[in-house]
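Under our numbering, think of the first position of the sequence shown as 1, with each following residue one higher.
If you're looking for bench data, these hints aren't it; they were derived computationally from the structure. A hint or two may mislead.
List time: in silico DMTMM-like cross-link candidates among lysine to aspartate or glutamate, alpha-carbon distance up to 20 Å [stated by the list, open to error]:
id	residue 1	residue 2
1	K36	E48
2	K36	E46
3	K36	E25
4	K59	E48
5	K42	E52
6	K36	E52
Values in this document were obtained by computation on a predicted structure and should not be read as measured data.
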Amino acid sequence: MKRIEELIEQLSLLEHILEARFIQERSTQTQSVIDKGNQVGKALKETEQMIEWNICSQKSG
1 MKRIEELIEQ LSLLEHILEA RFIQERSTQT QSVIDKGNQV GKALKETEQM
51 IEWNICSQKS G
């Protein structure tokens, strides 16, 4: 019976370890999505500024 209790305890610890790893992986993936979103946002802002500059250049030219 003691052996079964030890195995159950080990399984419980393993479950917690796997949950922690899963949470860490999801956190890493979430941060990656946020970083890529920031890059896209920056690129859109730069594109918007270039378009505005081109429009102003055409109007003044």
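Hint check:
| no. | hint | verdict |
| --- | --- | --- |
| 1 | K36 to E48 | holds (18 Å) |
| 2 | K36 to E46 | holds (15 Å) |
| 3 | K36 to E25 | holds (17 Å) |
| 4 | K59 to E48 | holds (17 Å) |
| 5 | K42 to E52 | holds (15 Å) |
| 6 | K36 to E52 | violated (24 Å) |
Hint violations for this structure: number 6 only, all remaining hints satisfied.
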